[in-house]
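K.L.:
One letter stands for each residue in the lines below.
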Amino acid sequence: MLFTRRQHYFPPVIYRLLNGLSTTIQYLLLVALSGFVLMPIGWMLTVALKPTGVPVFTIPPEWFPTRYWEWKNFTDALLTPTRPFLTYTLNTLVIFLGNSVGTLFSCSLVAFAFARLRFRGSDFLFNFLIITMLIPWQVLMIPQFLMFHRLGWYGTYLPLIVPSFFGNAFNIFLIRQYMRTFPKELDDAARIDGCNYFQIYWHIILPLCIPVLTVVVVFLFLGSWGDLLGPLIYLDNNRKFTVAIGLANFATRANPNNNQLMAANLIMMLPPMVIYFFAQDKLIGGIASVGLKG
Amino acid sequence: MEERAAYLFLLPWLIGVVFLLAGPIIASVFISFTKWNLSAPPTWIGLENYRRMLFDDPDFYRSMGVTLRYTIMSVPLYMVVGLALALLLNQKLKGMNFFRTILFMPSVIAGTAVAVLWSMLLNPDVGVVNQILRFIGIANPPRWLSSNEWALPAYVLMGLWSIGGGVIIYLAGLQNIPPHLYEAAEIDGANSAQKFLHITLPMLTPTIFFTLITSLVGAFQVFDGAYVLNGRGARRGALLFYLLHLYNEGFRGARFGYASALAWVLVILAAAAIIITFRTSERWVYYEADTER
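So the sequence lines, in the order shown, correspond to chains A and B. The first sequence begins at 1 in my numbering and counts up by one. The second sequence begins at 1 in my numbering and counts up by one.
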């Protein structure tokens, strides 16, 4: 409500009118902005469903597929041997799964120590952890590349997966904040029952952390799926490429087939959008909590 | 006992700190003083890389210029638009969840895909954007990515499409403001403009500060979209962002020493910008805890 009834400069009817007006304006804005978001996607879908040879750009533009339903563009994009987006998708999922295992394992262990155990230097190490979040990865990119290259890992997924087994400051922080919210008595009771620290972590704390671990996995998916620079640096073989590189290569070729390019682009956009619709609350909650705690 | 257990739990991270963080950072300083191209062993060349950057590399200045102009154009714009959008989405209207779902959606879409899509929409001759501009009476709309002056503004405007991620953070900040403050102000007869200026804005300064820092950091790291658009015939050099130049030198040209030097200059400039922002923050960021506790 932009105009409250507390201001009595004018007769109340004016305010009622203004309030109605402002609600209308707000709805108009929301509809216009939604159009701004949705129409490019609709246009893209229309182009992706046109057979090759039908003009991509029409006057006026077409926002919704009506005449053409050439699903073959999608199967072509997925299966063409020179740029098999199905293979790219599976490759990206391999990297994502590797990262998930590594991150969940390492970050939950480290977070457990910071959240539930008392040890000398814990404050210092935790502050250090926070500071490492500020270290820009640009300076790490080249020495890490040279190191992985020397190890013979160039052209494999190892440089894109193995680092996740050594923790990530941001995810450790996120999980630690969540683990801190459980009462200390939980650990004490388990100790009396004869659990060691690893058993407390594995049987008591970790099962309670599934909500925050889900948030971490959702973020990891968006990260691995969208990552262009990492795969670009480390992968050199078309059969090992990820969706992001496949799309970038396709898009930067001279005169790509625009129908198939838009189909490929939709293949790149769709999985994050599906995840978003199903995990919307978790994702928004995750982003919001980062903003508030940060 | 507890202590030994704790360090065992920390072990993966501690190993990572040594081998993936501290080691590489120290190595990076040395690498920046060498000529290193993988085919021959590295040779020490002192400050040559830094000299070359300053005197013999026009692309260093070009990419620095692109990145700085992008920062100046995009950071204030995204912050103001993001806040305005958050205020709109914070209204209590029927169907608001529906609109939020739509407006946040592009923020999960990868930069590569966004760039591919908008390079089509911004086609200067037949693209949708210029068709609309011509329709509303602009006879000679900008040539966007194909033009020297408009390529960067086009890139900035393209970013507005996926602004939702920042809006979520503002929205969380808005919803964190205790309602009793507004109630008290209403009792005192404050109008909506006064409420915004004296409650919303001050209470939101920590969120604005957080967004400012992350936007600054993000602006120095633009890569994905620029990589795609440069390959799609954007005006040569107009979108040569700093990180793209670094990538070209290091990974295309196999000049790892020089690329390391470029990385350090970027990091030092970014750190300076962030430290200055932090310094000024004491003057304008309001933390409720300061007065209440």
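Some hints here could point you the wrong way.
Claimed, not checked - Pairs of lysine to aspartate or glutamate, DMTMM-like flavour, derived with a Cα cap of 25 Å:
#	chain 1	residue 1	chain 2	residue 2
1	B	195	B	183
2	B	35	B	48
3	B	94	B	3
4	A	184	B	186
5	B	35	B	57
6	A	184	A	123
7	B	94	B	188
8	B	92	B	149
9	B	35	B	2
10	A	184	B	3
11	B	92	A	281
12	B	92	B	3
13	B	92	B	186
14	B	94	A	281
15	B	35	A	236
Calculated directly from the structure, the hints in this document are not laboratory data.
K.L.:
Against this structure, judge whether each hint is valid.
P.N.:
Each hint, compared with the structure:
Only pairs whose Cα atoms come within 25 Å are accepted, and residue 195 of chain B paired with residue 183 of chain B is accepted, the gap being roughly 10 Å. For a cut-off of 25 Å, the pair hint linking residue 35 of chain B to residue 48 of chain B stands: about 9 Å separates their Cα positions. With a C-alpha separation of about 54 Å, the suggested pair residue 94 of chain B and residue 3 of chain B falls outside the 25 Å cut-off, and the hint is violated. Taken as a hint, the residue 184 of chain A and residue 186 of chain B pair is broken in the structure, with Cα atoms around 43 Å apart against an allowance of 25 Å.
At most 25 Å may separate the alpha-carbon atoms for a hinted pair to count; residue 35 of chain B and residue 57 of chain B meet this at roughly 16 Å. At roughly 18 Å between alpha-carbon atoms, residue 184 of chain A and residue 123 of chain A fall within 25 Å of each other, so this suggested pair holds. For the given pair, residue 94 of chain B sits about 29 Å from residue 188 of chain B by alpha-carbon distance, which is inconsistent with the 25 Å threshold. For the given pair, residue 92 of chain B sits about 41 Å from residue 149 of chain B by alpha-carbon distance, which is inconsistent with the 25 Å threshold.
With a C-alpha separation of about 48 Å, the suggested pair residue 35 of chain B and residue 2 of chain B falls outside the 25 Å cut-off, and the hint is violated. The suggested pairing of residue 184 of chain A with residue 3 of chain B holds, with an alpha-carbon distance near 17 Å, which does not exceed 25 Å. This hinted pair checks out: residue 92 of chain B and residue 281 of chain A have alpha carbons roughly 18 Å apart, not beyond 25 Å. Taking the CA atoms of residue 92 of chain B and residue 3 of chain B, the gap is about 51 Å. The hint is violated against a cut of 25 Å.
Among the hinted pairs, residue 92 of chain B with residue 186 of chain B is consistent with the structure: their alpha-carbon atoms are about 17 Å apart, no more than 25 Å. For the proposed pair residue 94 of chain B and residue 281 of chain A, the alpha carbon gap of about 18 Å is at most 25 Å, so the pair holds. Proposed proximity of residue 35 of chain B and residue 236 of chain A is supported: the alpha carbons are some 24 Å apart, at most 25 Å.
In this structure, the hints that do not hold are numbers 3, 4, 7, 8, 9, 12, in rising order.
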